[in-house]
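Take a look at the letters that make up each chain.
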Amino acid sequence: MQHYSGFGLLKHSLSHHENWQRAWRNPTPKKKYDVIVIGGGGHGLATAYYLAKEFGVTNVAVIEKGYLGGGNTARNTTIVRSNYLWDEAAHLYEHAMKLWEGLSQELNYNVMFSQRGVLNLGHTLQDMRDIQRRVNANRLNGIDGEVLDAKQVQELVPHMDCSANTRYPVMGASWQPRAGVARHDAVAWGYARGADAHGVDLIQQTAVVDLIIEDGACVGVKTDRYGEIRADRVGAVVAGNSSVVAAMGGFELPLESHPLQALVSEPIKPVLDTVVMSNHVHGYVSQSDKGDLVIGAGIDSYNGYGQRGSFPTIEHTLQAIVELFPIFSRVRMNRQWGGIVDTCPDACPILSETPVKNLFFNCGWGTGGFKATPGSGHVFAASLAKGEMHPLAKPFSMFRFHNGALVDEHGAAGVAH
Amino acid sequence: MLHIYCPHCCECREEEEFHVKGQAHIARPLDPEACSDKEWGEYLYFRKNPRGLHHELWVHAAGCRKFFNVTRDTVSYEIKEVYMIGEKPSVVAQTDSAK
Numbered sequence: 006m007q008h009y010s011g012f013g014l015l016k017h018s019l020s021h022h023e024n025w026q027r028a029w030r031n032p033t034p035k036k037k038y039d040v041i042v043i044g045g046g047g048h049g050l051a052t053a054y055y056l057a058k059e060f061g062v063t064n065v066a067v068i069e070k071g072y073l074g075g076g077n078t079a080r081n082t083t084i085v086r087s088n089y090l091w092d093e094a095a096h097l098y099e100h101a102m103k104l105w106e107g108l109s110q111e112l113n114y115n116v117m118f119s120q121r122g123v124l125n126l127g128h129t130l131q132d133m134r135d136i137q138r139r140v141n142a143n144r145l146n147g148i149d150g151e152v153l154d155a156k157q158v159q160e161l162v163p164h165m166d167c168s169a170n171t172r173y174p175v176m177g178a179s180w181q182p183r184a185g186v187a188r189h190d191a192v193a194w195g196y197a198r199g200a201d202a203h204g205v206d207l208i209q210q211t212a213v214v215d216l217i218i219e220d221g222a223c224v225g226v227k228t229d230r231y232g233e234i235r236a237d238r239v240g241a242v243v244a245g246n247s248s249v250v251a252a253m254g255g256f257e258l259p260l261e262s263h264p265l266q267a268l269v270s271e272p273i274k275p276v277l278d279t280v281v282m283s284n285h286v287h288g289y290v291s292q293s294d295k296g297d298l299v300i301g302a303g304i305d306s307y308n309g310y311g312q313r314g315s316f317p318t319i320e321h322t323l324q325a326i327v328e329l330f331p332i333f334s335r336v337r338m339n340r341q342w343g344g345i346v347d348t349c350p351d352a353c354p355i356l357s358e359t360p361v362k363n364l365f366f367n368c369g370w371g372t373g374g375f376k377a378t379p380g381s382g383h384v385f386a387a388s389l390a391k392g393e394m395h396p397l398a399k400p401f402s403m404f405r406f407h408n409g410a411l412v413d414e415h416g417a418a419g420v421a422h
Numbered sequence: 005m006l007h008i009y010c011p012h013c014c015e016c017r018e019e020e021e022f023h024v025k026g027q028a029h030i031a032r033p034l035d036p037e038a039c040s041d042k043e044w045g046e047y048l049y050f051r052k053n054p055r056g057l058h059h060e061l062w063v064h065a066a067g068c069r070k071f072f073n074v075t076r077d078t079v080s081y082e083i084k085e086v087y088m089i090g091e092k093p094s095v096v097a098q099t100d101s102a103k
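Going down the list, the protein sequences come from chains S and Y.
So the first sequence is residues 6 to 422, counted in the numbering used here.
So the second sequence is residues 5 to 103, counted in the numbering used here.
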């Protein structure tokens with residue numbers, strides 16, 4: 006793998022940047038792998054990277070039906086935080102946060118992780134009590150957090166309307182200074198390049214059309230381009246399409262796929278240097294380095310696989326943003342899109358063994374998967390390498406919906422991801 | 005924006021008047037006490053989540069407030085059929101799985 010550096014940039018400028026090595030190979034798959042990862046998004050590529058780098062399993066293929074990082078990895082609003090209420094979730098997301106903090110160096114790829122802090126606003130007395138409780142829980146788990154009052158929030162975000170004249174006045178917020186945003190595409194590309202350098206085959210434009218199941222165990226996949234590819238273990242990391250792959254294995258998951266929309270504005274001058282999220286008025290916004298406002302809110306309520314949603318959802322989102330930031334009322338929106346998120350009843354992911362032996366699922370991240378990318382990949386890789394779930398993943402078994410041990414994160418997850 | 009025909013009001017109205025309530029035709033177990041944890045968990049949480057035809061329950065929340073069923077394509081979002089509670093859908097998928 007070609008090492009990226011300032012010196013390299015200088016050297017290649019002498020040859021007009023025409024001799025850069027390709028970031029990854031485009032191989033033809035072998036007949037048999039130790040592990041097949043279905044899905045070449047952020048989580049799948051991170052899984053493959055850590056399998057090869059940390060757990061010594063280099064005979065790995067990632068099979069992607071489109072192009073790498075072309076699904077929800079490319080469609081989210083790039084917010085990274087770990088201020089979850091329950092221990093199980095907090096440990097998992099904080100594990101990811103710690104990996105985020107060294108990720109650019111680890112991958113030798115600038116993922117532009119910017120710890121500009123995240124505010125979760127409170128607009129009611131109950132909001133503020135929940136925020137107190139969550140921040141206390143976070144601090145007990147070693148996660149940074151502070152409770153701010155309206156005046157402190159106003160100092161951090163001078164352009165936000167924190168006056169008493171709004172319909173739902175800002176009463177305060179939780180503040181996680183280590184949280185922030187990252188460049189989503191770079192995360193996928195960095196992991197892809199790292200995985201490829203460690204020998205992982207990235208097979209793009211190849212859809213898995215069925216699973217090969219013999220004696221109740223998954224022994225490989227059938228693809229549309231290369232026929233059967235065998236493997237000792239198969240990990241499905243296919244987000245919105247998880248139920249479709251589960252059906253190939255003959256079981257159901259407690260998931261529903263919904264469109265989640267987001268939008269960006271025209272680029273404007275720096276106006277917002279942190280991330281503002283509000284569950285109550287239902288929206289969140291940050292400003293990218295390019296200057297556009299990155300805006301999102303809740304899912305469309307109906308099930309959908311169409312990667313687009315309904316206009317009223319966008320309208321509600323922008324109403325919330327303008328309620329918080331009247332200054333944005335005349336900013337024009339540039340682009341709008343939708344991704345398909347697989348939502349779980351308790352708003353927590355599924356990292357799990359399945360009724361089919363040697364078939365593992367990493368899904369159910371719903372509206373908040375991006376922030377977990379490194380941690381999700383790391384614990385899922387550990388699980389695939391050993392054939393047994395990593396301790397951080399164990400509480401997130403799909404069978405928690407049989408025994409009732411849910412991790413109810415709706416309080417912390419709610420809408421705002 | 006979906007335009008949904010309410011079979012009670014006998015009119016097409018905009019999506020915002022309605023709420024979707026998820027998968028239709030989920031029967032509550034007749035004897036919940038006799039259910040295993042697995043059966044009860046599957047009744048509560050496990051859902052068909054098809055890529056294709058989906059039978060779902062809607063309520064005309066800002067209208068007549070009555071419930072009805074809709075068969076909708078989850079990829080094109082096209083509504084294929086609207087039918088009353090207690091009726092069977094006439095438009096069904098070739099295979100009854102999420103494939």
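Warning: the hint list may mix true and false statements.
The following residues of chain S were derived to be distant from chain Y, with all beta-carbon distances above 10 Å [stated by the list, open to error]:
| hint | residue |
| --- | --- |
| 1 | L145 |
| 2 | D190 |
| 3 | S248 |
| 4 | S315 |
| 5 | I332 |
| 6 | R335 |
| 7 | V336 |
| 8 | Q341 |
Below, in silico cross-link-like pairs of lysine-lysine (BS3-like), each with a Cα-Cα straight-line distance of 27 Å or less [what the hints assert, rightly or not]:
| hint | chain 1 | residue 1 | chain 2 | residue 2 |
| --- | --- | --- | --- | --- |
| 9 | S | K16 | S | K227 |
| 10 | S | K399 | Y | K92 |
| 11 | S | K362 | Y | K42 |
Quick caveat, the hints were computed from the structure, so don't treat them as lab data.
The structure displayed is predicted, hence computed values, not measured ones.
The C-beta atom is built at its ideal place from N, Cα and C for all residues, glycine as well.
Results for each hint:
no. : hint             : result
1   : L145             : holds (29 Å)
2   : D190             : holds (25 Å)
3   : S248             : violated (4 Å)
4   : S315             : violated (5 Å)
5   : I332             : holds (28 Å)
6   : R335             : holds (24 Å)
7   : V336             : holds (23 Å)
8   : Q341             : holds (14 Å)
9   : S/K16 <-> S/K227 : violated (44 Å)
10  : S/K399 <-> Y/K92 : violated (41 Å)
11  : S/K362 <-> Y/K42 : holds (18 Å)
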